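6 protein chains.
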Amino acid sequence: MSKGILHYEVGEQIDLHLLIKSSTKGIASNGKPFLTLILQDQSGEIEAKLWDANQGDESSYSAQTIVKIMGDIHHYRGRNQLKIRTIRTAQDHENVSVSDFLETAPIQKDVMMEKITQYIFEMKNPNIQRITRHLVKKHQTALLEYPAATKNHHEFVSGLAYHVVSMLDLAKVISRLYPSLDTDLLYSGVILHDLGKVYELSGPVATSYTIEGNLLGHISIMVNEIAKAAEELSIEGEEVTMLQHIVLSHHGKAEWGSPKPPMIKEAEILHYIDNLDAKMNMLDRALERVKPGEFTERIFPLDNRTFYKPSFHK
Amino acid sequence: MSKGILHYEVGEQIDLHLLIKSSTKGIASNGKPFLTLILQDQSGEIEAKLWDANQGDESSYSAQTIVKIMGDIHHYRGRNQLKIRTIRTAQDHENVSVSDFLETAPIQKDVMMEKITQYIFEMKNPNIQRITRHLVKKHQTALLEYPAATKNHHEFVSGLAYHVVSMLDLAKVISRLYPSLDTDLLYSGVILHDLGKVYELSGPVATSYTIEGNLLGHISIMVNEIAKAAEELSIEGEEVTMLQHIVLSHHGKAEWGSPKPPMIKEAEILHYIDNLDAKMNMLDRALERVKPGEFTERIFPLDNRTFYKPSFHK
Amino acid sequence: MSKGILHYEVGEQIDLHLLIKSSTKGIASNGKPFLTLILQDQSGEIEAKLWDANQGDESSYSAQTIVKIMGDIHHYRGRNQLKIRTIRTAQDHENVSVSDFLETAPIQKDVMMEKITQYIFEMKNPNIQRITRHLVKKHQTALLEYPAATKNHHEFVSGLAYHVVSMLDLAKVISRLYPSLDTDLLYSGVILHDLGKVYELSGPVATSYTIEGNLLGHISIMVNEIAKAAEELSIEGEEVTMLQHIVLSHHGKAEWGSPKPPMIKEAEILHYIDNLDAKMNMLDRALERVKPGEFTERIFPLDNRTFYKPSFHK
Amino acid sequence: MSKGILHYEVGEQIDLHLLIKSSTKGIASNGKPFLTLILQDQSGEIEAKLWDANQGDESSYSAQTIVKIMGDIHHYRGRNQLKIRTIRTAQDHENVSVSDFLETAPIQKDVMMEKITQYIFEMKNPNIQRITRHLVKKHQTALLEYPAATKNHHEFVSGLAYHVVSMLDLAKVISRLYPSLDTDLLYSGVILHDLGKVYELSGPVATSYTIEGNLLGHISIMVNEIAKAAEELSIEGEEVTMLQHIVLSHHGKAEWGSPKPPMIKEAEILHYIDNLDAKMNMLDRALERVKPGEFTERIFPLDNRTFYKPSFHK
Amino acid sequence: MSKGILHYEVGEQIDLHLLIKSSTKGIASNGKPFLTLILQDQSGEIEAKLWDANQGDESSYSAQTIVKIMGDIHHYRGRNQLKIRTIRTAQDHENVSVSDFLETAPIQKDVMMEKITQYIFEMKNPNIQRITRHLVKKHQTALLEYPAATKNHHEFVSGLAYHVVSMLDLAKVISRLYPSLDTDLLYSGVILHDLGKVYELSGPVATSYTIEGNLLGHISIMVNEIAKAAEELSIEGEEVTMLQHIVLSHHGKAEWGSPKPPMIKEAEILHYIDNLDAKMNMLDRALERVKPGEFTERIFPLDNRTFYKPSFHK
Amino acid sequence: MSKGILHYEVGEQIDLHLLIKSSTKGIASNGKPFLTLILQDQSGEIEAKLWDANQGDESSYSAQTIVKIMGDIHHYRGRNQLKIRTIRTAQDHENVSVSDFLETAPIQKDVMMEKITQYIFEMKNPNIQRITRHLVKKHQTALLEYPAATKNHHEFVSGLAYHVVSMLDLAKVISRLYPSLDTDLLYSGVILHDLGKVYELSGPVATSYTIEGNLLGHISIMVNEIAKAAEELSIEGEEVTMLQHIVLSHHGKAEWGSPKPPMIKEAEILHYIDNLDAKMNMLDRALERVKPGEFTERIFPLDNRTFYKPSFHK
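Residue numbers (the UniProt record's numbering), protein chains in the order written: chain A, 1 to 314; chain B, 1 to 314; chain C, 1 to 314; chain D, 1 to 314; chain E, 1 to 314; chain F, 1 to 314.
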């Protein structure tokens with residue numbers, strides 16, 4: 001396989017298929033239109049300008065189109081940019097498809113599904129187990145395909161399931177060290193906490209917020225879903241309220257979107273586990289892009305901090 | 001009728017039936033137990049000490065008991081206190097019942113119900129109308145009996161319905177001045193916004209929070225109820241999401257308990273109307289207790305401010 | 001009458017008189033100067049670029065000049081832009097004047113003045129009535145011409161009076177529902193609360209802040225004016241302090257510019273009424289520009305929120 | 001002279017005249033009333049309990065009464081308390097008056113007045129000089145007698161003038177180091193900044209807030225006074241606005257009570273000088289009461305901090 | 001062994017040795033002194049009143065004295081209280097010592113030391129290993145005896161070492177899941193992060209803050225100690241700065257006492273691990289004291305929240 | 001001497017040597033590269049564009065190069081810009097050196113050193129004096145050359161020493177007015193408070209943050225340095241902790257970077273003196289650039305305020 005667009009250095013030439021993530025028309029000061037293309041493959045994305053674009057270019061080179069590009073990498077305002085020499089749309093016989101260009105979780109879907117199933121299997125409380133199994137089954141396809149967010153962390157295909165699986169593993173090792181934790185509540189909370197995103201977000205590609213997502217949010221949507229599941233399964237009892245509470249409170253504070261803060265121990269701990277996994281994901285991705293002895297770009301959801309990679313790290 | 005306990009002046013004698021709101025045992029420095037009684041009638045409440053209380057007193061004079069008391073009003077630490085001379089429990093033939101001693105909304109329940117029904121009748125959008133009617137019908141008894149809160153505003157029997165009716169009248173006159181408002185959404189929002197309190201609170205007397213109330217809150221509970229109503233009535237369409245959003249956002253900000261801020265006009269306006277009616281209720285009750293030229297006690301939910309009654313007011 | 005500039009769609013041609021709101025010189029990357037013109041009529045404003053501008057263009061096409069323009073509407077970065085074909089300054093015989101191009105309150109000045117006079121007439125307290133009448137008379141011309149702000153809400157000719165009249169009507173209907181309110185204080189407070197803007201702002205057109213406005217603010221200026229009025233009318237008594245307090249506290253909190261928070265009931269309620277009318281004005285103007293099923297632009301003074309227009313609204 | 005009440009140690013006997021600062025009735029658990037007296041002399045104050053107080057005691061030993069007390073100092077909850085053996089009201093022939101017991105500024109009134117006059121004399125701008133002189137003359141008696149606050153700093157007789165004089169001296173030495181400062185604005189600002197307190201506060205003894213003080217505050221009152229002075233002296237020009245602005249902004253931030261923050265250099269510097277003098281006053285008074293190697297009590301207006309007196313200080 | 005004082009129910013009699021944690025003198029309203037004793041054993045503490053205390057009692061029953069008490073448990077203001085029948089100081093032949101009454105970590109000191117040594121042994125970077133070993137050796141005795149805080153979490157004998165050991169175990173399992181973490185930095189950071197407490201706090205019993213602790217804090221003290229260790233070991237290189245940074249930043253934010261926020265990945269993760277272990281400790285201790293279906297007391301360092309123990313937990 | 005670049009007016013021609021402060025490559029919309037040069041001399045800086053730059057230009061005209069430029073001053077977006085006609089690098093025989101173009105403190109280094117030495121000489125406490133002298137000697141060269149910051153205030157060559165000397169003079173006059181201040185602590189605190197900047201910053205020219213500066217900060221670094229100095233001088237005693245505390249707390253609050261707030265009087269006062277001198281420096285520099293009757297640009301570290309220069313100032 002050829003190397004990803006993110007790994008080319010300034011001065012190198014490329015000759016690659018790339019996916020147009022977005023295409024924006026501008027008008028240059030000479031009055032002529034141009035296109036700003038964000039091009040991506042699985043390694044990341046790069047900006048390119050197409051000068052003197054005509055009407056045809058605008059419609060040919062729109063978002064979600066795969067193109068074949070020859071050009072050079074140069075440096076502009078502290079970032080790599082692609083100088084296009086030639087560009088054309090991909091042809092059928094080239095056998096490329098959109099999914100080849102999307103970043104995807106590093107674990108296969110079926111492996112992740114097996115893991116989740118195993119954790120559900122380990123639950124001892126039948127009410128918790130049945131509600132969890134019911135909801136996973138109901139939303140299985142989306143759970144395995146959706147990203148966990150539109151940006152910031154796990155913003156890639158299958159990001160949601162990947163985030164869940166990482167958190168389940170964390171929950172397990174932490175529960176062994178603090179055996180007073182109720183693993184049924186914790187595992188179920190992990191699996192359900194972000195599942196409302198399958199309603200909140202539009203899908204795995206070119207992800208945006210739905211109207212329901214904007215006006216209600218994944219937390220409230222999921223609290224509803226749990227109520228509905230319990231009703232359909234004729235389950236009554238405090239377990240339902242506890243699961244709803246864990247989902248409701250998992251952002252930790254009212255100002256972060258949880259109308260109630262965690263008020264049971266497993267809800268509090270789930271909030272830490274969620275944070276830990278999300279922050280590790282952000283930090284690893286940011287630090288991968290710098291060399292030892294350098295600082296990363298500012299990371300907005302980490303209070304806009306920049307992180308240093310010690311020079312004795314590799 | 002005899003005047004209420006709140007209207008006696010220092011030095012006056014009383015000979016009244018009163019309801020024990022709470023009874024707390026203390027131990028005096030001479031080692032003997034005493035009871036601190038909070039006594040109430042419809043006008044308000046007063047503290048009294050019962051010194052040298054024996055085991056029997058403790059069980060006789062517990063919360064929710066009606067007693068006959070003779071005593072004197074005196075002044076202690078800036079507040080009136082009742083010095084008990086004689087106390088006994090009320091007897092059957094005296095024909096007094098707990099509800100005689102509870103503060104109650106100034107409008108009759110059936111009048112309030114009629115008003116609410118009229119507003120529902122005026123709605124034009126059938127989806128909004130049917131959901132609203134369904135939920136009012138389902139919770140009618142509680143809606144007409146519950147308070148709107150445990151303290152701060154409308155914290156009396158039927159306070160919830162009274163708050164709703166006042167807000168409906170406000171919504172109507174405001175909508176006439178700003179005809180772009182959708183009165184269907186606004187009226188329905190007013191009627192439903194606090195209806196989750198019938199789950200959140202324990203009931204009209206000695207009101208406390210339920211476990212569901214503590215861990216989920218009336219907002220999330222009501223969003224669920226709307227979803228359930230829509231499903232039972234087989235209603236689909238954006239109206240459901242809009243009503244859920246209005247309820248969800250009616251506290252105005254995340255830090256005040258709304259996971260989403262108002263994002264449709266009627267939600268924003270409902271937030272103001274709710275505020276206006278609640279604050280008027282607090283202000284009127286606080287200002288009633290002072291004379292012109294005086295300041296009220298500090299009002300906690302109004303940023304702990306004290307308010308002045310101009311000396312040219314009566 | 002021809003339709004306003006705001007109502008043209010992309011692709012349409014225009015041939016209109018427009019007022020230049022602002023004109024800024026830039027230098028293109030080819031080294032040649034160009035002008036960025038903001039053009040307006042009563043419907044709103046649009047941006048246009050005049051490329052290759054010469055010295056003469058710069059002086060001809062300055063702010064407050066009326067021009068005749070032929071051109072096309074196209075789309076640039078999510079907003080309409082005007083592509084100029086021909087431009088010339090308006091000529092005397094064309095009978096156009098600056099005021100034809102300014103947004104203006106939807107009610108005539110004399111109608112608004114009549115309304116305000118009527119509310120003053122209804123006041124019963126002679127001290128309050130005389131101070132209010134005196135100050136309205138003193139600043140009548142400006143009150144009827146000034147905007148209520150430089151941006152955000154009621155930022156148009158006669159916006160100040162229009163805001164006052166809307167608030168008076170709100171004050172009236174609210175007072176009927178809460179009869180404990182002192183309408184004298186409330187009406188006078190509404191009329192005077194923003195009147196200091198006639199000193200704070202520079203005038204009805206191309207409005208900016210005066211030095212006094214910047215360093216003292218309309219609140220402090222108006223508190224002075226009330227003191228002065230009372231002295232000139234030889235009025236003494238608590239009414240003067242109450243009116244000063246209402247003006248002083250009408251922003252609600254210290255951090256919003258009120259050195260004292262509301263400490264009388266009418267001051268608190270005026271703060272809500274002011275808010276309600278200002279927010280309705282912002283919301284209506286933002287929602288007018290979108291279609292059902294769309295979100296508005298972010299509205300900065302509404303916590304930068306975006307608002308949704310339900311798809312069942314027209 | 002006998003030593004002050006603050007300087008007696010636990011175990012010592014006292015036989016002193018003291019002023020009753022406040023007297024509060026309580027009821028002991030044996031049902032008998034007692035009085036809690038706060039007694040003061042120029043050195044400070046001490047608490048005493050008068051057990052088994054009768055009706056006569058309550059009226060004899062009220063606030064602002066001078067009493068002769070014999071008793072013992074003992075320790076109670078980390079503070080000295082006075083155990084009363086005998087108490088009686090002072091008699092005419094004993095020649096004691098209330099002012100003998102009040103804490104007072106350490107400089108004589110006429111010396112302070114002379115200093116202020118000298119600073120006014122040094123002003124070069126006639127407008128600033130005339131306004132300042134006019135206002136000092138108008139309020140001279142109160143300026144020399146009032147405290148600067150009811151608590152926190154300079155809360156003693158003549159505290160206002162003392163604070164002004166200290167700040168003037170600070171302003172002078174700072175201006176010599178930064179000669180770009182306009183000493184006319186700075187000196188006048190210092191003299192006028194808190195002068196509104198003569199309206200805001202009730203007087204030099206048992207100081208409380210007036211209604212005007214509560215509802216308008218000393219800042220807004222003084223801005224008015226400057227306007228009035230300028231009018232009476234027929235002074236026009238930017239100096240008036242500048243002086244008003246300095247007074248208006250001297251609390252530094254909106255949330256600290258200044259509707260506008262400092263926007264001229266002298267206003268900014270005055271804010272620092274005010275702070276520096278007030279904080280020095282608080283710190284010196286708190287540190288006087290502890291020994292080297294100890295921490296002071298928490299000082300509320302200094303963010304509730306406690307301060308350490310280094311053990312190598314005396 | 002007899003059961004701990006915390007496990008007696010109301011109505012039970014006790015006959016136990018207990019340690020006086022604090023003894024405060026009060027004066028009853030009958031004028032006689034009494035002592036408020038806080039008595040403790042390893043299970044927790046209880047309050048008792050000793051009425052009519054004489055001079056001798058006050059000196060006999062002071063803090064850190066072991067007493068033999070007979071009495072009854074009763075209920076007062078929602079908490080258990082001990083009613084003393086007889087009290088005397090413990091006698092030599094009874095073979096009780098202060099340490100028998102202090103809460104202590106549930107793991108033996110030597111086991112904890114062995115664990116810490118093992119983690120140091122696993123470090124691969126010699127600079128990090130040598131600094132860590134040097135500092136642990138230098139402060140070994142205190143590290144194994146001090147509490148981790150004066151209150152809130154791990155506030156018991158050997159609490160500091162217990163907190164370190166728990167965190168090391170957490171660090172290990174988390175590092176296995178996120179192999180990009182540098183375990184040398186993480187283990188060393190865990191071991192050193194709170195070691196400055198051996199200077200900040202006064203010791204394992206009746207713990208208070210030292211002057212250095214108050215004025216510099218354990219974070220700054222430890223940053224110094226690392227510098228000193230590096231100098232004594234002649235170690236230069238970025239590892240020193242990294243370890244100092246981890247200690248410096250471990251409170252996470254400036255307002256929580258870290259002058260720099262975490263800026264390397266291991267510092268960020270250590271902050272979470274610290275939080276997780278501290279919060280688990282608080283939660284477990286609070287939840288132990290309530291029954292299923294009940295709420296705990298409010299926990300101040302957890303934003304003053306109360307936590308629910310689900311009724312299906314045992 | 002020719003006048004500085006900052007003092008040329010629009011339309012004037014220049015023919016000057018200037019230092020390139022920074023040089024950034026851009027690509028124009030015609031696809032050709034250009035350079036944005038920031039040029040400086042001691043009076044300040046100006047922007048210039050070099051169009052159609054070739055490879056050679058990019059390397060010739062890099063930061064820290066001195067160039068000879070002919071060109072015209074014109075106006076662009078509210079700021080002066082330089083239109084380059086001819087540009088070349090300076091030649092050896094022209095005898096210009098980088099330091100000729102850098103802004104520098106207005107007092108000579110040796111004069112500042114003498115002043116600092118004099119203040120050290122006046123100290124009476126030998127521990128404080130020896131530590132201070134030791135550290136000044138150790139860092140003398142850097143202290144006299146470094147700026148006090150990278151931006152905001154005293155951001156010029158020798159700015160650090162100049163800030164120290166101004167503060168020492170302030171400390172002296174303030175201590176005379178408040179004789180309870182310990183001048184030893186205050187003078188030493190002033191001299192040492194920012195000395196850690198010689199590690200935090202990279203040097204006097206093109207100043208940036210070092211890694212140690214970023215991860216530890218000048219405060220923590222200096223606290224270490226004091227400990228080290230005390231050890232090398234074998235000084236023990238509370239003075240060391242006090243000096244460390246003054247440095248540690250000089251930012252005043254945790255959120256401003258001080259892990260402990262000031263807890264001794266001299267630390268509190270030093271914080272004010274630091275503020276006063278820094279703010280005077282910012283204000284003087286901003287006000288110098290505007291004419292009477294104008295407002296300055298917004299000053300970010302002064303809460304983004306703009307300041308007015310009264311029209312009666314010159």
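The hints are simulated quantities; they were obtained by calculation from the structure and are not laboratory data.
Mixed in with the good hints, there may be bad ones.
Which copy is meant is left open, because identical chains are indistinguishable; a pair holds if it fits in one copy or across any two.
Restricting the straight-line Cα-Cα distance to at most 25 Å, the calculated cross-link-like pairs of lysine to any residue (SDA-like) are [as the list claims (entries may be wrong)]:
| no. | residue 1 | residue 2 |
| --- | --- | --- |
| 1 | 109 | 285 |
| 2 | 3 | 142 |
| 3 | 228 | 84 |
| 4 | 314 | 100 |
| 5 | 124 | 10 |
| 6 | 68 | 304 |
| 7 | 309 | 289 |
| 8 | 314 | 213 |
| 9 | 314 | 121 |
Please read all numbers here as calculations on a predicted model, not as lab measurements.
Could you tell me which of the hints above the structure violates, numbers in ascending order? 2, 3, 4, 5, 6
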